[in-house]
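Undergrad: The lines below spell out each chain.
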Amino acid sequence: MREAIRRARNVVLRRWERWIKKRSPKAKSVELDQRRIFIFPTGYGFFYLLTAALLFVAGINYENSLILNLSFFLLSLFLVAIFRTFTNLSGLTLVAGATKEAFMGGRAWFQVSLERKSSRTFESLEVIWDDRSTGLIDVTENSKHSVEMTLEAKQRGWYEPGRLKIQSTFPLGLLRTWSWVHLDMAALVYPKPIQCEYKDIESDGDKGGSLAIVTGREEFDSLKHYQVGDSLRNVAWKKYAATQIMMTKTFYALAGDSSWLKWSQITAVDCESKLSMLCYLVVKYTEENRVFGLSLPSGDITPSAGREHELECLRKLALFCVPEAIE
Amino acid sequence: MTSNHVAEVIAEIGNVLLGKEEQIKLCVACLLAKGHLLIEDLPGMGKTTLAHALAGALGLNYQRIQFTSDMLPSDILGVSIFNSETAAFEFRKGPIFSQLVLADEINRATPKAQSALLEAMEERQVTQDGDCYVLPAPFFVIATQNPSEQMGTYPLPESQLDRFLMRIHLGYPDPAVERELIVGIDRRQLLKSMKSVVDSEQLAKLQQEVASIHLSSAVIDYIQRLVGFSRRESVGLSPRGTLALVAAAKAYALVEGRSHVIPEDVQVVLGPVAGHRVQGAQDITGHAGVNVVQKMLAEVDVVDRALL
Amino acid sequence: MKVRAIYPIPRNSLVLLLVTVLLALLPHVGRLPVWLPIVICLVVGWRVQVFRERVSFPGKVVRLVAVLISFGGVFAYYGTVLGAEAGVALLILAYSYKLLEMYKERDAFLVVILSYFVVATNYLFDTSLFSTLYTLFVVVVVTASLVGMNQSREGSSPFRALRVALVLSAQSVPLMIILFIFVPRIAPVWNLNVQGGQAQTGLSDSISPGDISSLSRSAELAFTVEFKGGKPEHKDLYWRGVTYSDFDGRTWRRGLRESFNNGVGVLSRDLVRRGEELRYRVIMEPTYRRWLFTLPFASLKLSGVKQVDSLVYVRDEAVSTLFSYDVVSHLEYSYQPGGLPERERVRLTSLPVTDPRTTDRANELWAAARGDVSVYANAILKWFNREPFVYTLNPPELRGDINDAFLFDSRQGFCAHYAGAFVFLMRSVGIPARVVGGYQGGDFHEAGYLVVRQYHAHAWAEIWIESKGWVRVDPTAAVAPERVMSGPEGATTDDSFSLNSPLSPLLFRNIPFVRDIRSKIEYVNYLWSKWVVGYSNKTQMEFLSRWIDGVTPQKMVFILLVCLGLVMLLLAIYILVERGRARVDPIDALYLSFCLKLERQGLVREGGEGVWTFCARACLAFPQLEGELKAITSLYDAIRYGDLSQENKENNRSDDATLSNLKIELRQAVKTLKFVR
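Chains as they are written, first to last, in this note's numbering: chain A, 5 to 331; chain H, -17 to 290; chain G, 123 to 799.
Check each hint, because a few of them may be wrong.
Residues from chain G that face chain H, not an exhaustive set, calculated with beta carbons under 8 Å [as the list claims (entries may be wrong)]:
#: 1; residue: F193
#: 2; residue: F680
#: 3; residue: D710
#: 4; residue: Y713
#: 5; residue: E721
#: 6; residue: V726
#: 7; residue: G729
#: 8; residue: G764
35 Å max Cα-Cα, derived DSBU-like pairs, lysine-lysine [as the list claims (entries may be wrong)]:
#: 9; chain 1: G; residue 1: K423; chain 2: G; residue 2: K182
#: 10; chain 1: A; residue 1: K148; chain 2: G; residue 2: K785
#: 11; chain 1: A; residue 1: K158; chain 2: A; residue 2: K253
#: 12; chain 1: A; residue 1: K32; chain 2: H; residue 2: K174
#: 13; chain 1: H; residue 1: K277; chain 2: G; residue 2: K796
#: 14; chain 1: G; residue 1: K220; chain 2: G; residue 2: K182
#: 15; chain 1: A; residue 1: K228; chain 2: H; residue 2: K177
#: 16; chain 1: A; residue 1: K253; chain 2: H; residue 2: K75
#: 17; chain 1: H; residue 1: K277; chain 2: A; residue 2: K148
#: 18; chain 1: A; residue 1: K30; chain 2: A; residue 2: K196
#: 19; chain 1: H; residue 1: K94; chain 2: A; residue 2: K243
#: 20; chain 1: H; residue 1: K94; chain 2: A; residue 2: K242
#: 21; chain 1: A; residue 1: K320; chain 2: A; residue 2: K25
#: 22; chain 1: H; residue 1: K277; chain 2: A; residue 2: K121
#: 23; chain 1: G; residue 1: K752; chain 2: H; residue 2: K187
#: 24; chain 1: G; residue 1: K785; chain 2: A; residue 2: K121
#: 25; chain 1: A; residue 1: K121; chain 2: G; residue 2: K642
#: 26; chain 1: H; residue 1: K16; chain 2: G; residue 2: K752
#: 27; chain 1: A; residue 1: K158; chain 2: A; residue 2: K242
#: 28; chain 1: G; residue 1: K226; chain 2: A; residue 2: K169
#: 29; chain 1: H; residue 1: K16; chain 2: A; residue 2: K148
#: 30; chain 1: G; residue 1: K793; chain 2: H; residue 2: K277
#: 31; chain 1: H; residue 1: K75; chain 2: A; residue 2: K228
#: 32; chain 1: H; residue 1: K277; chain 2: G; residue 2: K785
#: 33; chain 1: H; residue 1: K94; chain 2: A; residue 2: K253
#: 34; chain 1: H; residue 1: K75; chain 2: H; residue 2: K177
#: 35; chain 1: H; residue 1: K277; chain 2: G; residue 2: K423
#: 36; chain 1: A; residue 1: K148; chain 2: A; residue 2: K25
#: 37; chain 1: A; residue 1: K121; chain 2: G; residue 2: K719
#: 38; chain 1: H; residue 1: K174; chain 2: H; residue 2: K16
#: 39; chain 1: A; residue 1: K148; chain 2: G; residue 2: K226
#: 40; chain 1: A; residue 1: K228; chain 2: H; residue 2: K277
The set of hints was computed from the structure by calculation and includes no laboratory data.
Where is the CB? At the ideal position from N, CA and C, for every residue including glycine.
Work out the full structure, taking the sequences as your base and the hints as a guide.
TA: Rendered as structure tokens:
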């Protein structure tokens, strides 16, 4: 029995999903129109109508035209509010904005821009995403207003936040108009870093490598002015003794000195843990300013260092074995 | 009062360089906006005279660097030489240490020498052997480029062109002006007798004043519409380009003696500012860029009829 | 909703809400016990202090005690909690106490809803045009506070909320009017009428000297009459309301044993109607009494209204709202000419044994008349006329036997005195007679209807004469004929017809301008009473049948839906389409119209042409207009590009003023630009 109810619910939910998907397909930018906008009285709205009905009864009972008239006024106001509430959403354009990547379990950051294209203004809008509301937003003075939201990154790879709900009860709070919008945006989610030990495999000692990487540790490159934060180990003390000027020695490393982070060298049972460990290592190596390469079954990244290299590695890890990866 | 200064400067230069008032104004605006100027023209069109006259009228010291293919960065920036008396290296400042630098035929030099100049232009300082030498202020570079000669040149790459606030052409003089040139006295003689109208302090003040020129939202809208149009038409104006446009328009408004920017200011500076930015730098003739600019000017309405 | 409920009320909307509460309560203040407004002020003051974060909300115990005490106070004052006035007082108390526990949006919403109710209860007591306009204003403010509750924190501003509410209200007015006109009025099937306790106005159940005089000075409206067709003469305007047939020596009372005839049966046998019929409608102000006023002989068919044997009409319920009824009257009629039923005759000739002097005089005169009733009546009237009887609104108090005291000692009195004495004299000799109370006369308004005021109240006598039936005799006319001809102010032979209201229409009645304005206001009030306040089932039918043949409720609903649909469609078009239209900045629009002017002269501004470039070109084309063209361009330049432009937030007032001056100049310059060929 319970099983049957569950199944029926699933069927309904799937149907609903399908229907809403058809109504609001994924897009980079969505202009809300009558096909997407829903409107229904709020609890207050029903209460208000009840008030109007009570006044009507009172007006009839006391044969008092003016009380009747007040009830008619309330009803008319409600009717007008239907239009006005509807226009508070209709014509609004939602545009997918920037995203920021996150580690799994962290919070990915999304930005959506609410834009108006005409003189019509939008007041007291509320964007709800994953049961989190933004509070009331006005798109009145400027032509756009961006909304930022952090959502929990639940899965590795491209994380799509799914449909967001935008709603408003302006101006009277008697009716709520809302719309589901599926914006085509995704944030990259890296594997969750898991601490682990890793035995460096020094590469084949190909010292003749030609790739010079700044901020390596091996070969002296040049002197630059000392900045607070530079390692004291690198200060050119001889120069300082001679000139009283603090200079920092900069080095470059050659690719040949690099180590490799290899998929096969990680000892973990499942694929996700391996990725997580590699993720940890990538972050750690970058912090230590080391030169490293990444070798995955899906391909290698040649050794390098620095922030950009780290991002590239993380991206590779994030998208590892993700079937519908959007490259 | 300040606008008087500007007008005097322009008049003074106009005495020397005949019939080029528009270019002189642009040139002064470029200087007031603290940008650098690239003049693309054939030899003998008065580039040097312009630079000279500018230096004279503004009381700036002036250096000319003739770029050649065997030029080294140190020829521009300066060189450290060992002074045996003091037993220390001593930095000899190069020609770039000057308030107004005319970099003639910049496309003849190797990229190495070019980038030495351009980096100094951007940073307004020279770093040599870990020592830092600040360039004088104001610092203004007028670079020239000969578009017709392509043999053995190194055209400035796109990213470098961006460092020049404006690129202008001087063009041939009018027949009447040319006649005056033939009949009148030697302009170069006049250069020597030029008196400076403003000193560098006043010039700095003028430069500050550019920032206080009012830019109304109507004009900002217009600029945004222009920029949006350029982005739809081609590789559009970058945000840096937009800022450059705003700065140039403000400076031009000051040159015209106004306290606020009007769309005409934007229109005048749009060609010089955007011409070399909207299309790839490879197109040394600059025609494609100029075409886009002309289209922008013609099609983007000054008065906003569209949605408010 | 779940998410919203936790939001507290925005401060700005709270201000609006508190103002709303005060505005909604204001018209009630006069009707409440004196202490209640003080309580309201305290409560509102407390809430304001909470708002200013000076004190906190009162505790539960304090609230409970305050509520109990004040509810007790209401009960003590009215003696009930069920009457309309007590009910309203309770509602108002609850309404103001709600303020003290208004924490969240939900509470604020409740206050808004209660505000609508408080406004509605005001209509129970006051339906005048002025008060309705005021309540409309209150309703807009109430709506504004509803808007305020839904504004975002940054965007919240009471003035903007008011503007939105005003626009919404304006847009709903057409719908409201259609609903008002076309929603079929149903008579109440149930009746929960809890009226009562209101001060009754107009004539009372009994007349004893002094009563009517207090009435006569009031210029309040009693009823208005609209005649369809011919108008009667002033002397025929005897509006019968009550018949007083029982006398106890001091006071004339309504017959308690009055029986109701069931209309047709009695009438057809005893009634003869002659002459032309007179059709009219009476629109009666609430009197909180049951009788209606008609000209004799009146036929009136209305459910809930019955006719008494003495031919006056009595309604089942008191007239508590504006009430209108249609009457057909025959001014010439004779009633019961054939004879009275014995029981009736006995009742209408019975007298207490008092006033010996009067009885003696009656017998004297009756003997002189030799049994002729008409001669006898005339003799009495002649007596009133010849002897120094005075018509005054301030008669001295009468002690002892009132008729003796009046007829032989004071000889000063008004209608009630004369009518009472006359009937007494009649009955003393066995002639059936009764005192009739009602109104006499009325003022014809320019617009054609008759206004009857409280000072038109009058009492007269009716006597029964064999073979003639009931005959009206107005003894007052014998003393002061002007009372019948022109109304009370001309009739008093002293200056007792004084004013007790500074706004009385009798004040300044000789200044034409004031009279004119007054008559206009009266006319508007009359229309308001007739068409809005009195818009009942009957009025609705009458109004609609002007345009529609055979009005039925079905037809009405159909038309209602069609009209509603049409107006909704128009509104939809207006709201959905118009508001989304692109709007050009007004200054730009002005400049574009300037360009259009030049375009008609063949000079077209290119799209990318700056205003000064265009100006230069235009000056070349129209050198004679150079000054104007440059002026317009530089004005536009200054407004749009200059540093006075609107977007400068730190603009001071003088800059604003300059800017608006420039705008005006530009508008005029563009308007006056003329091309002379």
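Undergrad: Now tell me, hint by hint, if it's right for this structure.
TA: Results for each hint:
Among the interface hints, the one on F193(G) is violated; its C-beta lies about 57 Å from the nearest C-beta in chain H, farther than the 8 Å criterion. A distance limit of 8 Å between C-beta atoms decides the matter here; for F680(G) the minimum to chain H is near 42 Å, and the interface restraint is violated. Taking 8 Å as the C-beta cut-off, the interface hint given for D710(G) holds, the closest approach to chain H being about 5 Å. The restraint placing Y713(G) at the interface with chain H holds, with a minimum CB-CB distance near 6 Å, inside the 8 Å limit.
Because the beta carbon of E721(G) sits about 13 Å from the nearest beta carbon in chain H, more than 8 Å, this interface hint is broken. Taking 8 Å as the C-beta contact cut-off toward chain H, the hint placing V726(G) at the interface is violated, the least distance being around 13 Å. Interface hint at G729(G): satisfied, since its Cβ lies 4 Å from the closest Cβ of chain H, which is below the 8 Å cut-off. Because the smallest distance between the Cβ of G764(G) and any Cβ of chain H comes to about 5 Å, under 8 Å, the interface hint for this residue holds.
In summary, the hint linking K423(G) to K182(G) is not supported, as the alpha carbons are separated by about 58 Å, beyond the 35 Å threshold. For the suggested pair K148(A) and K785(G), the alpha carbons sit about 28 Å apart, so the restraint of at most 35 Å is met. At most 35 Å may separate the alpha-carbon atoms for a hinted pair to count; K158(A) and K253(A) exceed this at roughly 44 Å. With a C-alpha separation of about 64 Å, the suggested pair K32(A) and K174(H) falls outside the 35 Å cut-off, and the hint is violated.
Proximity of K277(H) to K796(G) is assessed by CA-CA distance (about 34 Å); at most 35 Å being required, the pair is judged to hold. Note on K220(G) and K182(G): the hinted pairing holds, with a Cα-Cα distance of about 12 Å set against a maximum of 35 Å. For the hint pairing K228(A) with K177(H), the CA-to-CA distance comes to about 44 Å; that exceeds 35 Å, so the pair is violated. For a cut-off of 35 Å, the pair hint linking K253(A) to K75(H) stands: about 25 Å separates their Cα positions.
Straight-line distance between C-alpha atoms of K277(H) and K148(A) comes to about 28 Å, which keeps the hinted pair within the 35 Å bound. With a C-alpha separation of about 28 Å, the suggested pair K30(A) and K196(A) falls inside the 35 Å cut-off, and the hint holds. Between the alpha carbons of K94(H) and K243(A) the distance comes to roughly 28 Å, so the proposed pair stays at or under 35 Å and holds. Straight-line distance between C-alpha atoms of K94(H) and K242(A) comes to about 31 Å, which keeps the hinted pair within the 35 Å bound.
Of the pairs offered as hints, the one joining K320(A) and K25(A) holds, with about 31 Å between alpha carbons and a cut-off of 35 Å not exceeded. For the suggested pair K277(H) and K121(A), the alpha carbons sit about 25 Å apart, so the restraint of at most 35 Å is met. Only pairs whose Cα atoms come within 35 Å are accepted, and K752(G) paired with K187(H) is accepted, the gap being roughly 32 Å. Restraint check: the Cα-Cα separation between K785(G) and K121(A) comes to about 27 Å, which is no more than 35 Å; the hinted pair holds.
Using a Cα cut-off of 35 Å, the hinted pair K121(A) and K642(G) is violated, with the two alpha carbons roughly 51 Å apart. This hinted pair checks out: K16(H) and K752(G) have alpha carbons roughly 33 Å apart, not beyond 35 Å. For the proposed pair K158(A) and K242(A), the alpha carbon gap of about 54 Å is over 35 Å, so the pair is violated. Between the alpha carbons of K226(G) and K169(A) the distance comes to roughly 24 Å, so the proposed pair stays at or under 35 Å and holds.
At most 35 Å may separate the alpha-carbon atoms for a hinted pair to count; K16(H) and K148(A) meet this at roughly 33 Å. The hinted pair formed by K793(G) and K277(H) meets the criterion: a straight-line CA distance of about 34 Å does not exceed 35 Å. A C-alpha spacing of about 20 Å is found between K75(H) and K228(A), which places the hinted pair at or below 35 Å, so the restraint holds. The suggested pairing of K277(H) with K785(G) holds, with an alpha-carbon distance near 33 Å, which does not exceed 35 Å.
Taking the CA atoms of K94(H) and K253(A), the gap is near 24 Å; set against the 35 Å cutoff, the hint holds. Between K75(H) and K177(H) the alpha-carbon distance is near 27 Å, which keeps this suggested pair within the 35 Å criterion. In summary, the hint linking K277(H) to K423(G) is not supported, as the alpha carbons are separated by about 86 Å, beyond the 35 Å threshold. Distance check on the hinted pair: K148(A) and K25(A) sit about 26 Å apart at the alpha-carbon level, within 35 Å; holds.
Between K121(A) and K719(G) the alpha-carbon distance is near 29 Å, which keeps this suggested pair within the 35 Å criterion. Among the hinted pairs, K174(H) with K16(H) is consistent with the structure: their alpha-carbon atoms are about 26 Å apart, no more than 35 Å. For the given pair, K148(A) sits about 31 Å from K226(G) by alpha-carbon distance, which is consistent with the 35 Å threshold. Among the hinted pairs, K228(A) with K277(H) is inconsistent with the structure: their alpha-carbon atoms are about 48 Å apart, more than 35 Å.
Hint compliance for this structure: hints 1, 2, 5, 6, 9, 11, 12, 15, 25, 27, 35, 40 are broken, all remaining hints hold.
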